[in-house]
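Trainee: If you want the building blocks of each chain, they are given just below.
Protein chains: 2
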Amino acid sequence: MAMVKKPVTGMKDILPEEMQIRDYLIGLIKETYRSFGFTPMETPCVESIENLSSKQGGENEKLIFRILKRGEKLNLETATCAEDLVDSGLRYDLTVPLARYYANNTAKLPSPFKALQIGSVFRADRPQKGRFRQFTQCDIDILGEPSELAEIELILATTTCLGRIGFKGFVIRINDRRILKAMSAYSGFNEADFEEVCIILDKMDKIGLDGVKAELLEAGYAEDSVNKYLSLFEAGEGENRLAVIGKILVEAGVLEQEVLDRLQTIMKVVGESSTTEFNLTFDPTLVRGMGYYTGTIYEIGVEGFPGAVGGGGRYDEMVGRFAGQKTCAVGFSIGFERIITILMDEGFKVPEEGGKKAIVLDKDLPAERYAEVFQKAAALRAEGKTVLILTKNKNFKFQKEQLTAQGYEDIEVVYKDEWK
Amino acid sequence: MAMVKKPVTGMKDILPEEMQIRDYLIGLIKETYRSFGFTPMETPCVESIENLSSKQGGENEKLIFRILKRGEKLNLETATCAEDLVDSGLRYDLTVPLARYYANNTAKLPSPFKALQIGSVFRADRPQKGRFRQFTQCDIDILGEPSELAEIELILATTTCLGRIGFKGFVIRINDRRILKAMSAYSGFNEADFEEVCIILDKMDKIGLDGVKAELLEAGYAEDSVNKYLSLFEAGEGENRLAVIGKILVEAGVLEQEVLDRLQTIMKVVGESSTTEFNLTFDPTLVRGMGYYTGTIYEIGVEGFPGAVGGGGRYDEMVGRFAGQKTCAVGFSIGFERIITILMDEGFKVPEEGGKKAIVLDKDLPAERYAEVFQKAAALRAEGKTVLILTKNKNFKFQKEQLTAQGYEDIEVVYKDEWK
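Listed in order, the protein sequences are those of chains A and B.
Under the working numbering, residues 223 to 642 are what the first sequence spells out, in order.
Under the working numbering, residues 223 to 642 are what the second sequence spells out, in order.
Next comes chain A alone, as it looks inside the complex (with noise of 0.2 Å):
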């Protein structure tokens, strides 16, 4: 069969320069919760079919790939469809294997569990510019923690983290699914119809006020709900607006005060005690998609840079699925892949420490001239410093512009009789 040069269908090959970008932000986010005291973990890349499938994912599910069985598993012949065919899968994401992991292992792990996920997720998705099939997430997660405590943990330490690359101005976005589905009920909608009329508010950054009313009305909701509804959204103003709808939604009786007390203690601390920089609103239209979400969620933009670069949220529900008891769970998911975007996008340069030296080898560089070359890079390697040895090219000129590329600009030449 002939080689394949390129990487398969909608995957990448990440640059040396690229690459550095990513170790650099890697780095820095072990080192951020690291000091927050958050734990690194791993699962494998491969899942049993049975938790990819399992409805945790949502429209991800569809976009598994999907690993044929091995040996005497694989029965050609008796296969019916597909899924005879096959046992395990690459996972969408790193929350359902997070959630079987806690589960496999919760005996073994301090309480709460504070951990930190970076790795690498699939999706056999439609290939699309800056969309890969492959791509890094990292998502941070407090697990067995019921109360505020972990919201505001994981908004300081990710605040502190966006602070620590170098953003500026960004914002949170918080809301709590209770208040959308209070909202909801306090309009008069079923609990049944709950996720639709979610899914048309979601669109309120794009469609507007009046976009989001057509829509309800167009799906067939009645005028007087509808109004209701949105007569909440223009309720209150700036940081008046969370007391306001809060305090219409607990006096019709559809809200616990102690929704809207938590949610307030989250802003107020975070508010008071972050070192970073930014603007935390209340924002009634934040949804936020996936489904398994039971209480606060909130989402990161950077100003300047369209769709967000975090978000997460309390999802109480899903961990218990898999260790059979209910496992309060917090998350915050940072877009690695975006920030990377913005990075590469701007140019950005990671701080060298300790400078860089090519030493080129003249052709005519006699063998026994070698060592003293390789104990000169290891004293200065000692030192901190990179140290590049190689054989001088025919075109030296190009060689040096080459090397410059890549930030030698220190090159020393060494020749028979002399370095120069």
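Any given hint could turn out to be false.
Any copy will do: because identical chains look the same in the list, a pair fits if it lies in one copy or spans two.
With a straight-line cut-off of 20 Å between C-alpha atoms, the simulated DMTMM-like cross-links for lysine to aspartate or glutamate are [to be verified]:
no.	residue 1	residue 2
1	Lys579	Glu239
2	Lys228	Glu437
3	Lys252	Glu240
4	Lys571	Asp315
5	Lys291	Asp306
6	Lys295	Asp306
7	Lys330	Asp235
8	Lys330	Glu623
9	Lys435	Glu445
10	Lys622	Glu590
11	Lys598	Glu631
12	Lys284	Asp309
Hints in this document: simulated from the structure, not taken from any laboratory.
Fit chain B to the supplied structure of chain A, relying on the hints for placement.
Mentor: Just chain B now, kept in the frame of chain A:
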């Protein structure tokens, strides 16, 4: 479908304790090779099935995890064998992907290309203790450097790295495929028998000279040839061995003087330039399995631990099969999982920087006091300390033990009215 708590057969969850050691080791490897001018790179975990089945991977090709085609391409009705259902698979090593990557990106890569790859590889091996179906490989390669500078750099960088990990008294055995071939030719074996003779020779450390002799005779080789062959392994002693054996082969016209000179230069320069203490010896019985080696080969062992912790060699043909033109290549693969096992068995502790502190919040602490706690934590974290904030459990004695086990010896409790 029911959820499955366990990882898929043969794969493993990595617990925080091991993960910290892995992260530490990866950091140390990246830092060391960076200082030698190596750049990180990455390829997808998934490769075209053509590349994986190209006979470059030897026995490993039987162990491929094959991925089902998707959508319309998957035609179950007309499939007559598993191959009809498959267009890609999980990579079983990092060498085939490196060759493809280099061929695909040559114009964008520096020359020579000094690459560091750390990544997961997958083999559907029979599950057994300490051997997993997903594991990390760590490969360092220099592509495009024909001279022995490549071997010298790789050995020096790798020994520097092992020294920094803390290994003492390790041994590097070195040989050259062309010496193995010359010994075979010198003894009168047919060229076609070279591989089989080497497979038997490779057992020398287990079955000794007499065992090798018995097996060669049993395989039907002429006694004269066998005796001549084995006499070579008794020629010379210690530092003289290479010179003595080399002289015999060169004088017999089966080895070029240049091969001998190069190997002697490598050994001499490495010996004189190393900053780490280790033993470098010529070992004419060293074979190394992979058929793609064309020149120098080497292997590292650590005193007190059976098996190799690394190895590699020159493979000047393989990359060319992808690139379409001859490309010199020398590689070193560090036995990442082997080193992790050794460190875990030795009870290795990752050096802590900055110290660890736990702040435990009493149940009755009012939310108004949270900001004070998070502010104090932020100040300590800014000094490099790891600060864990958590809620006080009913069984505080047990909680304290747990924290101490995690390395939190400095534990402070925040009560409603005091810190203590």
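Trainee: Regarding Lys330 and Glu623, is the shortest C-alpha distance of 20 Å or less found within a copy, between copies, in both, or in neither?
Mentor: between (54 Å within a copy, 14 Å between copies)
Trainee: If the cut is 20 Å between Cα atoms, do Lys228 and Glu437 qualify within a copy, between copies, both or neither?
Mentor: So Lys228 and Glu437 fail the 20 Å test inside a copy (44 Å) and across (45 Å) alike.
Trainee: From the Cα coordinates, with 20 Å as the cut-off, is the pair Lys284 and Asp309 best called within, between, both, or neither?
Mentor: Classified as both: same-chain Cα gap 16 Å, cross-chain 18 Å, threshold 20 Å.
Trainee: Measure nothing new, just compare the shortest in-copy and cross-copy C-alpha distances for Lys252 and Glu240 to 20 Å and report within, between, both or neither.
Mentor: This pair counts as both: shortest intra-copy Cα distance 18 Å, inter-copy 15 Å.
Trainee: At most 20 Å between alpha carbons: which applies to Lys598 and Glu631, within, between, both or neither?
Mentor: within (18 Å within a copy, 44 Å between copies)
Trainee: Have a look at Lys622 and Glu590 and pick one of within, between, both or neither, based on CA distance no larger than 20 Å.
Mentor: Neither, since 25 Å and 62 Å both go past 20 Å.
Trainee: When no copy is specified for Lys579 and Glu239, does a C-alpha distance of 20 Å or less occur within a copy, between copies, both, or neither?
Mentor: within (18 Å within a copy, 37 Å between copies)
Trainee: Pop the pair Lys571 and Asp315 into one bin, within, between, both or neither, using alpha-carbon distances up to 20 Å.
Mentor: Neither. Shortest intra-copy (29 Å) and inter-copy (31 Å) distances fail the 20 Å Cα cut-off.
Trainee: Within a copy, between copies, both or neither: which one fits Lys295 and Asp306 at a CA-CA cutoff of 20 Å?
Mentor: Close inside one copy (10 Å) and across copies (17 Å); limit 20 Å.
Trainee: Can you give me the call for Lys330 and Asp235, within, between, both or neither, at a CA distance of at most 20 Å?
Mentor: So Lys330 and Asp235 pass the 20 Å test across copies only (12 Å; inside, 37 Å).
Trainee: Evaluate Lys291 and Asp306 at a C-alpha cut-off of 20 Å and name the case that applies: within, between, both or neither.
Mentor: both (9 Å within a copy, 14 Å between copies)
Trainee: Could you place Lys435 and Glu445 in one of the four classes (within, between, both, neither) given a Cα distance threshold of 20 Å?
Mentor: Cα proximity of Lys435 and Glu445: one copy only (9 Å, versus 94 Å across).
Comparing the model with each earlier hint shows violations of hints 2, 4, 10; every other hint is respected.
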